[in-house]
Amino acid sequence: MSPINQYVVFKLNKENYGVPIEHVETVEKLTEITRVPNAPHYINGVMNLRGEVIPVMDLRKRFDLEHISTTDDSRIIVLSLDEISVGILTDSCSEVIALDKGQIDKTYNLTIPLEDDYVEGIGKLNERMIIILDIPKLLINNMDT
Amino acid sequence: MDMAQYMQIFIEESRENLQDMNSNLLYLEDNPEDTNTLNNIFRVAHTLKGMSATMGFNNVTHLTHEMENILDHIRKDNMKVNVNIIDLLFQCFDKLEGYIGNIENYGHEGGEATELINKLHSVKPGDTARATCNKNHITDQNAENSSKPTVQLNEYVNNVVSVAIKDGLNVNLIKISLDDGCVLKSARAYVVINTLEKFTDIIHSNPSIEEIEDEIFGLSFELVVISEKDNKFIRKELNNISEIESIEIIPLSRENIKISQDIPIIGSMDSNDTKNKGNEDGGITDKKTRTSKTVRVDIDRLDNLMNLVSELIIIKTRLEGIDEDKKRQNANEAIEYLERITTSLHDAVMKVRMVPIERVFNRFPRMVRDLSKELGKNITLIMSGEETEVDRTVVDEIGDPLIHLIRNSIDHGIEKTEKRMESGKEKTGTVKLVAYPDGNNVVIEVEDDGGGIDVERVKKKAVERGIVTHEEVQLMDDKESIQLLFNPGFSTVDAVSDISGRGVGLDVVKTKIESLGGVVEADSCQGKGTKFIIRLPLTLAIIQALLVVVGTEKYAIPLNSIKEITTIKESNIRRVQDSEVVLYRGSTLPILRLSKLLNVPNTKELHKDVDKEVVVVIVKKGEKDAGLIVDSLIGQQEIVIKSLGKYLLNIPLIAGATILGNGLIALIVDINSYFKFIGGEII
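Here the protein sequences come in this chain order: A and B. For the record, in the first sequence the residue sitting at position 115 is 115 according to our numbering, with numbers rising by one throughout. For the record, in the second sequence the residue sitting at position 117 is 262 according to our numbering, with numbers rising by one throughout.
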């Protein structure tokens, strides 16, 4: 494996987050979302992505951040892991960056891993801090509950 | 990798050949002298041998080769067909089926069938030289297999281990087996590895980390770790991770490490070598190839499909042209034409998905044979309607429930031979398996001429088990009582047998069939036999549904579960304990408010207008009815069922979703689960 990985960077509550590009299927503008009753609270509903039904997760709710209404900049990043596809609702998304492993600090050195720890590491790029999300944990933990 | 495209063909053809072998073996058993059948089996074994040799599945080749030898002896009259040989051949058949299954699921065949090949050798008359030669080969294999807890490491890793042992560190081989139901294996493994990395050094893994990341492994993997912590600590840490079936921690010393040259240090580019060393009972772990489901399609049907698509293209150009001459008439005509084509296209595609139910039925003769031998009952299986076509999905799912019903019939239904003679029946019991299309449904019947269901005993049992009360049971007629069999936790046979009678039987069958959108009922005449009738919809993907509005949301209710639609006055709804009912046509009808169940926001529930009429959709499940209150109706529509995806599995009350004409999604309500909702309160 090459030591340099690419990450799709998005903004949420003024912080930069990154997800590994191989898990990103597509980035979509906001479309109509149909509410799914009795789904976990952080699932806004399902959307129609070219004939496929994709659940949309509100990351602000997932990370217990304050709720704001969506804007024109809001984007849904469709992540895929094996046969699971889930869209995550983000404040904006505009760039792809490359980081090598040395630029990412593992978090378990910094924090005690909690149940709600979806962070794989902190990437540093020219004084910017990018929170790298752990996709498997983000998408699996739902199934345990 | 370049083999991948042939893999699917190989698996399909092997399955066909095995099916062929199965029916021929069954026939040979009854007609041991029939050389024609023998030749057929020989030919099939030979084909399999050739195919597997081409694909490099040596164990399949080996086994079929040995089978050929036996068959050849029989052909040359050196040997007679007897029960032993048939049983042996069936064992070979099972093993071959296992191999093919492994290939399909894991991408490699699994270990060699040494025991079976030994047996094959033992029945062989003469030909000693070869046999011994082969036996040597076998003992070699065994020797290799018996040194089980050792681990093969390359020299570099081995050195690290030696140093670690010298330094007094703990070196452990950790075998992790993931849970069967584990959805994201690689991610789970990743969590395990991450956990271990906090306090250990992982120096070796089998399969390699890369392969684990790419999910190229079965359910288990092995790691060699060096740590200051002891086994207990490691186990405790690992136990915190869910979805792990078992953890085995084996301390390593210098003795149980084998140096092997052929394991490369990093990863394993060509892991074939190591794979083949997996032994028979636990070796099938690595590499899961995803072979997709396929359907063999009649070329005529494809042609038909092609024709329809070309018509679709024609109509497309016609619609494009309409804009220019702007004639309303033309537009309407074109749209009608388009409608006709889409309907035919739907039909054609559905037909492509259809496969004859024979695929499921084929395995039953063998099963009945084995069971009747095991139980010492004489049983013939009569099958008809194998050519009936059903949707591919149904074929995949219907197998288990049918097996269950047939086992039930044989185990509980058909009496012991002596008892049959006493009651003046034929000595041989009969199980009939019939399939036929009926309108938009397919009906499958499992019928036996056994003792029938003792209604009184069923009633007694149901009261004992607390399924119904004594009073209720008095009011039930025979038919209703028989339906009690489908209750969870019901089994009338007192002794639990191997075959059935664990009390989990019929309700599982029922749940499965209902999940396919079908119904199952039982009919029995004491002393004469029992009949189970399964009704399944022809297709699952496209259904007729009623679209309704609740609050601001739209929902689809499958038409086949709707009994009628009516309006009732809000004032007629009565509250009984915690549930609402209405008196409708002389009987009470439980009322459910869809807006409440689905937590629909912004419904004006509070200011109930007493005189207002509400729309009630009366839905049915079996004999039970319930009324669903909705805000308004949109109309009937053909909808395509889509699942909500793996991430949102098991959302209660929702069966799936569909995409409406305007691109929006409407959810399909799961009527069956509504009855669970009222179940406790109504009965």
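By construction, these hints were calculated from the structure, which means they are not laboratory data. Please note that the accuracy of each hint is not assured.
[What the hints assert, rightly or not] Cβ pair distances, simulated, as ranges:
id, chain 1, residue 1, chain 2, residue 2, range
1, A, 105, B, 386, 53 to 63 Å
2, A, 51, B, 390, 36 to 46 Å
3, B, 733, A, 21, 40 to 50 Å
4, A, 68, B, 678, 51 to 61 Å
5, A, 21, B, 393, 51 to 61 Å
6, A, 101, B, 201, 16 to 26 Å
7, A, 125, B, 375, 36 to 46 Å
8, A, 105, B, 313, 53 to 63 Å
9, A, 105, B, 375, 28 to 38 Å
10, B, 391, A, 101, 50 to 60 Å
11, B, 383, A, 26, 52 to 62 Å
[Claimed, not checked] Listed below are the simulated DSS-like cross-link pairs for lysine-lysine, each with C-alpha atoms no more than 27 Å apart in a straight line:
id, chain 1, residue 1, chain 2, residue 2
12, B, 741, A, 137
13, A, 61, B, 741
14, B, 657, A, 106
15, A, 106, B, 343
16, B, 741, A, 29
17, B, 791, A, 137
18, A, 61, B, 699
19, B, 699, A, 137
20, A, 29, B, 766
21, A, 61, B, 791
22, A, 137, B, 320
23, A, 137, B, 381
24, B, 787, A, 11
25, A, 124, B, 343
26, A, 29, B, 320
27, A, 101, B, 225
28, B, 787, A, 106
All of these numbers come straight from a predicted model, not from anything done at the bench. By construction, the Cβ of each residue, glycine as well, lies at the ideal position given by its N, Cα and C atoms.
Evaluated hints:
1. A:105 - B:386: 53 to 63 Å: violated, 24 Å
2. A:51 - B:390: 36 to 46 Å: holds, 37 Å
3. B:733 - A:21: 40 to 50 Å: About 60 Å separates the Cβ atoms of residue 733 (chain B) and residue 21 (chain A), which means 40 to 50 Å is violated.
4. A:68 - B:678: 51 to 61 Å: Holds: the Cβ-Cβ distance is about 57 Å, inside 51 to 61 Å.
5. A:21 - B:393: 51 to 61 Å: Check failed, 37 Å falls outside 51 to 61 Å.
6. A:101 - B:201: 16 to 26 Å: violated, 38 Å
7. A:125 - B:375: 36 to 46 Å: holds, 41 Å
8. A:105 - B:313: 53 to 63 Å: The hint (53 to 63 Å, Cβ to Cβ) is violated, given that residue 105 (chain A) and residue 313 (chain B) are roughly 32 Å apart.
9. A:105 - B:375: 28 to 38 Å: The hinted range 28 to 38 Å holds for residue 105 (chain A) and residue 375 (chain B), with Cβ atoms some 30 Å apart.
10. B:391 - A:101: 50 to 60 Å: Violated, since residue 391 (chain B) and residue 101 (chain A) (Cβ atoms, about 33 Å apart) do not stay within the stated range.
11. B:383 - A:26: 52 to 62 Å: Taking Cβ atoms as reference, residue 383 (chain B) and residue 26 (chain A) lie about 37 Å apart, which means the hint is violated.
12. B:741 - A:137: violated, 33 Å
13. A:61 - B:741: It holds: about 24 Å lies between the C-alpha atoms, which stays within 27 Å.
14. B:657 - A:106: violated, 46 Å
15. A:106 - B:343: At roughly 11 Å apart (the allowed maximum being 27 Å), residue 343 (chain B) and residue 106 (chain A) satisfy the hint.
16. B:741 - A:29: Answer violated: residue 741 (chain B) to residue 29 (chain A) is near 32 Å, above 27 Å.
17. B:791 - A:137: holds, 15 Å
18. A:61 - B:699: holds, 25 Å
19. B:699 - A:137: violated, 33 Å
20. A:29 - B:766: Violated. Residue 29 (chain A) to residue 766 (chain B) sits at ~42 Å, over the 27 Å cutoff.
21. A:61 - B:791: With Cα atoms ~21 Å apart, residue 61 (chain A) and residue 791 (chain B) stay inside 27 Å; holds.
22. A:137 - B:320: holds, 22 Å
23. A:137 - B:381: holds, 21 Å
24. B:787 - A:11: It is violated: about 32 Å lies between the C-alpha atoms, which goes past 27 Å.
25. A:124 - B:343: This hinted pair holds, its Cα atoms lying about 23 Å apart.
26. A:29 - B:320: At roughly 45 Å apart (the allowed maximum being 27 Å), residue 320 (chain B) and residue 29 (chain A) break the hint.
27. A:101 - B:225: violated, 70 Å
28. B:787 - A:106: violated, 39 Å
Violation of the numbered hints given earlier is confined to hints 1, 3, 5, 6, 8, 10, 11, 12, 14, 16, 19, 20, 24, 26, 27, 28; the remaining hints are satisfied by the structure.
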